[in-house]
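Protein chains in written order, with the numbering used here: chain B, 1 to 316; chain A, 1001 to 1497.
Hints were generated in silico from the structure; no laboratory data involved. Treat the numbers as computed from the prediction; the structure is a model and nothing was measured. Possibly wrong hints are sitting among the right ones.
[What the hints assert, rightly or not] Computed cross-link-like contacts, SDA-like style, restricted to lysine to any residue with a CA-CA straight-line distance of at most 20 Å:
{"no.": "1", "chain 1": "A", "residue 1": "Lys-1087", "chain 2": "A", "residue 2": "Arg-1154"}
{"no.": "2", "chain 1": "A", "residue 1": "Lys-1410", "chain 2": "B", "residue 2": "Ser-252"}
{"no.": "3", "chain 1": "A", "residue 1": "Lys-1396", "chain 2": "A", "residue 2": "Leu-1189"}
{"no.": "4", "chain 1": "A", "residue 1": "Lys-1410", "chain 2": "B", "residue 2": "Ala-238"}
{"no.": "5", "chain 1": "B", "residue 1": "Lys-190", "chain 2": "A", "residue 2": "Lys-1410"}
{"no.": "6", "chain 1": "A", "residue 1": "Lys-1087", "chain 2": "B", "residue 2": "Glu-82"}
{"no.": "7", "chain 1": "A", "residue 1": "Lys-1396", "chain 2": "B", "residue 2": "Gly-234"}
{"no.": "8", "chain 1": "A", "residue 1": "Lys-1169", "chain 2": "A", "residue 2": "Lys-1410"}
{"no.": "9", "chain 1": "A", "residue 1": "Lys-1182", "chain 2": "B", "residue 2": "Val-228"}
{"no.": "10", "chain 1": "B", "residue 1": "Lys-110", "chain 2": "A", "residue 2": "Arg-1056"}
{"no.": "11", "chain 1": "B", "residue 1": "Lys-110", "chain 2": "A", "residue 2": "Phe-1433"}
{"no.": "12", "chain 1": "B", "residue 1": "Lys-190", "chain 2": "A", "residue 2": "Asp-1416"}
{"no.": "13", "chain 1": "B", "residue 1": "Lys-110", "chain 2": "A", "residue 2": "Leu-1434"}
{"no.": "14", "chain 1": "A", "residue 1": "Lys-1124", "chain 2": "A", "residue 2": "Arg-1154"}
{"no.": "15", "chain 1": "A", "residue 1": "Lys-1410", "chain 2": "B", "residue 2": "Glu-191"}
{"no.": "16", "chain 1": "A", "residue 1": "Lys-1123", "chain 2": "A", "residue 2": "Arg-1111"}
{"no.": "17", "chain 1": "A", "residue 1": "Lys-1410", "chain 2": "B", "residue 2": "Thr-71"}
{"no.": "18", "chain 1": "B", "residue 1": "Lys-30", "chain 2": "B", "residue 2": "Pro-299"}
{"no.": "19", "chain 1": "A", "residue 1": "Lys-1410", "chain 2": "B", "residue 2": "Asp-187"}
{"no.": "20", "chain 1": "A", "residue 1": "Lys-1396", "chain 2": "B", "residue 2": "Ser-235"}
{"no.": "21", "chain 1": "A", "residue 1": "Lys-1169", "chain 2": "A", "residue 2": "Ile-1089"}
{"no.": "22", "chain 1": "A", "residue 1": "Lys-1123", "chain 2": "A", "residue 2": "Val-1099"}
{"no.": "23", "chain 1": "A", "residue 1": "Lys-1410", "chain 2": "B", "residue 2": "Ser-235"}
{"no.": "24", "chain 1": "B", "residue 1": "Lys-110", "chain 2": "A", "residue 2": "Lys-1123"}
{"no.": "25", "chain 1": "B", "residue 1": "Lys-190", "chain 2": "A", "residue 2": "Thr-1427"}
{"no.": "26", "chain 1": "A", "residue 1": "Lys-1410", "chain 2": "B", "residue 2": "Leu-239"}
{"no.": "27", "chain 1": "B", "residue 1": "Lys-190", "chain 2": "B", "residue 2": "Asp-244"}
{"no.": "28", "chain 1": "A", "residue 1": "Lys-1182", "chain 2": "B", "residue 2": "Ala-238"}
{"no.": "29", "chain 1": "A", "residue 1": "Lys-1182", "chain 2": "B", "residue 2": "Arg-203"}
{"no.": "30", "chain 1": "B", "residue 1": "Lys-110", "chain 2": "A", "residue 2": "Pro-1053"}
{"no.": "31", "chain 1": "A", "residue 1": "Lys-1410", "chain 2": "B", "residue 2": "Ala-251"}
{"no.": "32", "chain 1": "A", "residue 1": "Lys-1396", "chain 2": "B", "residue 2": "Ala-238"}
{"no.": "33", "chain 1": "B", "residue 1": "Lys-180", "chain 2": "A", "residue 2": "Thr-1427"}
{"no.": "34", "chain 1": "B", "residue 1": "Lys-180", "chain 2": "A", "residue 2": "Gln-1419"}
{"no.": "35", "chain 1": "A", "residue 1": "Lys-1182", "chain 2": "B", "residue 2": "Pro-237"}
{"no.": "36", "chain 1": "A", "residue 1": "Lys-1182", "chain 2": "B", "residue 2": "Leu-239"}
{"no.": "37", "chain 1": "B", "residue 1": "Lys-110", "chain 2": "A", "residue 2": "Val-1445"}
{"no.": "38", "chain 1": "A", "residue 1": "Lys-1410", "chain 2": "B", "residue 2": "Ala-254"}
{"no.": "39", "chain 1": "B", "residue 1": "Lys-180", "chain 2": "A", "residue 2": "Val-1424"}
{"no.": "40", "chain 1": "B", "residue 1": "Lys-180", "chain 2": "A", "residue 2": "Asp-1416"}
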Amino acid sequence: MTRTWFDDEPPLTTAVAQAGRLLLAGLRRKSAFFLVGALYTAALAAGVLWTKSSYVPEYVLRVVEADRDPTGVPRPRRQLAEYVRKAVFTSEPLLDVIRRHDLYPGLARKNPRAALESFRDDIDVDVRQNYFVEERPVGAAPRSALLFVSYHNADPRLAVTVTHELGELVVTRERATLRKEATQAADLAKEQAGEARQALALRRSTVAAMRVELDREGAAAQPERRLVYIGLLGSIPALELEQDERERREASLALGAAFEQRGVGTVFEVVNDALLPADPGTMRERTVLAGTAFAFGLPLLAMTVGAFAPKRRALT
Amino acid sequence: VTPRSADAPDETHEQLLRAAAFLRRALRSWRSALCVVLLGAAACAAFLFVRQPTFRSETVILYSAGVRPGDDPDRPDAARSVSFRLKEILMSRASLDVVVREFNLYPEIRRTRGPVEAVEELKKHIEFRAPGGDTFSLAFTGASPWEARAVTTRLAEVVIGQDSDLRRKQAILVRDFLETEKHATESALRDAEIALASFMGEHPRFALDATPLVTGAAIRATFGEDVGAAEAPLAAPRPRWFPTAPRASAAAAGSVSTGASGSAPGDTRDAAVEEARAKAALAAARANLADLAGRFTAAHPDVRAAQAEVERATNRLTAATAAMMEGPPAIGGPGTAPPLAATALSHSAATFGPSPAALVVGAAASHPRTGRPRAPANDIVALETEWVMLTREATKTRQHQDQVDAALFKANSAADSEQGNQGVDVTTVDPAFLPQTAVPPGRTVVVAIFAGVSLLLAGASAAFQALLNDRIYAERDVSPWAPVLVVIPRRTRVARA
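For reference, chain B alone in the conformation it holds in the complex:
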């Protein structure tokens, strides 16, 4: 049986013995060990006491589109999170929130733009169960999405207040946008229906006038004019159809606009009003973590001190 280099390797017990020797050597150097141990303990205590907690309350909104014909109401945004981040949390309202709550005071005085960017970094917007990405078939139930808005801050009260304001900002601005869109569409449809009505009335009056003329002329009427009359008469059903369609659309959009005006079109239900958990538990967690670090770190420190112990010289 041949021996390999692996057989010549020292066993694991040698490593344990070596560690024990290092530990004893470290403990023998009492002054160095106590100095390093005291520094380590102080660092742990400072970490526990001075590390600030970051509170992240969540404002959860359930956005439900209007329970109506989807072609008569404003369409919900498919990429709701991106829309809220870019189109709702714009500079002006966020700067206003910063000013009112005196957020990032030093930075805001020195460079408001940087404060705004920091504020944006501390805001999280997320969308879950977003059914707006799917098309809504005719007759299907209204789609919905859950919108999560949160803001990180060390001060729990401030975190809750700011998160709450951000959530309300989403609701206010989005309602205003939807109202504007619905009203614009209704106004346009009304205008178009009016035009169609006017066109039909004009055509009818033209036909009536021509008929009177043809009746008066009788047999002497020019055949071309008679054919023109036929053409005009034939165009009336198409105009009636168009007017009918436009009036239907006008009615649908007017109803949609009324729904949005009264706030019963697209619905924003507050699912979670930026509440914090009663016991965040961060202090306890940190104390336990520091205790563990102390228990395992002290022997390691002793071994380290032992490793740097000077070699003992023996004169022969």
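Starting from the known structure of chain B, fit chain A onto it as the hints suggest.
The following block gives chain A in isolation, referenced to the frame of chain B:
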């Protein structure tokens, strides 16, 4: 002699001492390290002097399509196409050239390499992103904060304005095209209906056909042996707007009669025939609708077309019934209609092409649309073929016209919206801001980077010199290779001793 102790802790201490010795040896080359640091500082100063700070401003545009009648299935992904279009507008040379001239950007490049290169340079400093949610961000990096803000604002204005113009032009173009198409379709439909009407004028028994084509052909075939007799009682009824057709048909061998004929039917009979036709048409439309409704949902285009057909037939029946109740139509009066119509049709032949009368008169000649010879009146197969052909032609043209009408309705709405600026709403939700700091890295970061790199190079230089230095400074420099016999302490230590 310093023999190694058997129970020494380990090699760690020895390694540490070696490292310290090497560090001491490296520190002896502090002059070269200092030179490297000084060189780095000079390079940093030169870089900061040469480098011009840049400032970045950004604006966010919201593209809101508003309330739309519905998604057009023919359109590609709308958001993506909008993004591409806006980017194309923004990066087009025509748009950027205006901005370059207006703000006098890159004057050196314009002077030396021309305006095209200046536009290319501007493109490098523009950033366009579509993060989603119908928002688009547009940023520009300029030489000063004010320039950055002004150019960004202007670029946004250019994009919004040109996009609006483009949409307006497209909407008007589509509407104009559809209007032209509608005129052409109307003309084709009129021709098809005239041809069908003249055929029905010639062969009135076809006019009452409210059954499917095959069934109708079968029914007529049962009477086929007496074609002339079957047509005789119905020879008088004629299409509503072509009162001379049957008479002209009867006199096909001769010339068109210009006077009222004794065989011409009364208008009451016309109305009765029209009512019968309307009833037949309504029954046929209802049967068709029932058939389609059994196979498809109510949203199917065929079912909707059938419903519209039923509505039309109902209206036609209502009108026919009303006409019967009212009596003879007003135009021309009962006695004057035939000669007037005959005159009208003969006149219109020159103006509008082949008139119904001419078609009827030329029944034995050729078909006006197909150019093929017309079927003899007693050839039932040829007549059925022609009837099917004409009916299909009229139906096809009518469907085409319906589609054009629907598309024109949408195009009209779109064009009206665009002209009134009420369609797509493109707004700047976050205006361009005045940047307060230069684009990173700033001066502090640049100095820190240079300092770090200089120190690293200085350390490397010292270490390299220490490696190359073969002088002996301490006992440790010799002990690995040879036993140390004696150590002479430093002069200072000697003095202290």
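Here's how the hints hold up against the structure:
| no. | hint | verdict |
| --- | --- | --- |
| 1 | Lys-1087(A) x Arg-1154(A) | holds (15 Å) |
| 2 | Lys-1410(A) x Ser-252(B) | holds (16 Å) |
| 3 | Lys-1396(A) x Leu-1189(A) | holds (9 Å) |
| 4 | Lys-1410(A) x Ala-238(B) | holds (14 Å) |
| 5 | Lys-190(B) x Lys-1410(A) | holds (15 Å) |
| 6 | Lys-1087(A) x Glu-82(B) | holds (19 Å) |
| 7 | Lys-1396(A) x Gly-234(B) | holds (18 Å) |
| 8 | Lys-1169(A) x Lys-1410(A) | holds (15 Å) |
| 9 | Lys-1182(A) x Val-228(B) | holds (17 Å) |
| 10 | Lys-110(B) x Arg-1056(A) | holds (18 Å) |
| 11 | Lys-110(B) x Phe-1433(A) | holds (16 Å) |
| 12 | Lys-190(B) x Asp-1416(A) | holds (12 Å) |
| 13 | Lys-110(B) x Leu-1434(A) | holds (14 Å) |
| 14 | Lys-1124(A) x Arg-1154(A) | holds (17 Å) |
| 15 | Lys-1410(A) x Glu-191(B) | holds (15 Å) |
| 16 | Lys-1123(A) x Arg-1111(A) | holds (18 Å) |
| 17 | Lys-1410(A) x Thr-71(B) | holds (14 Å) |
| 18 | Lys-30(B) x Pro-299(B) | holds (13 Å) |
| 19 | Lys-1410(A) x Asp-187(B) | holds (17 Å) |
| 20 | Lys-1396(A) x Ser-235(B) | holds (19 Å) |
| 21 | Lys-1169(A) x Ile-1089(A) | holds (15 Å) |
| 22 | Lys-1123(A) x Val-1099(A) | holds (11 Å) |
| 23 | Lys-1410(A) x Ser-235(B) | holds (18 Å) |
| 24 | Lys-110(B) x Lys-1123(A) | violated (32 Å) |
| 25 | Lys-190(B) x Thr-1427(A) | violated (24 Å) |
| 26 | Lys-1410(A) x Leu-239(B) | holds (14 Å) |
| 27 | Lys-190(B) x Asp-244(B) | holds (12 Å) |
| 28 | Lys-1182(A) x Ala-238(B) | holds (12 Å) |
| 29 | Lys-1182(A) x Arg-203(B) | holds (17 Å) |
| 30 | Lys-110(B) x Pro-1053(A) | holds (19 Å) |
| 31 | Lys-1410(A) x Ala-251(B) | holds (17 Å) |
| 32 | Lys-1396(A) x Ala-238(B) | holds (17 Å) |
| 33 | Lys-180(B) x Thr-1427(A) | holds (13 Å) |
| 34 | Lys-180(B) x Gln-1419(A) | holds (19 Å) |
| 35 | Lys-1182(A) x Pro-237(B) | holds (15 Å) |
| 36 | Lys-1182(A) x Leu-239(B) | holds (13 Å) |
| 37 | Lys-110(B) x Val-1445(A) | holds (18 Å) |
| 38 | Lys-1410(A) x Ala-254(B) | holds (19 Å) |
| 39 | Lys-180(B) x Val-1424(A) | holds (13 Å) |
| 40 | Lys-180(B) x Asp-1416(A) | holds (19 Å) |
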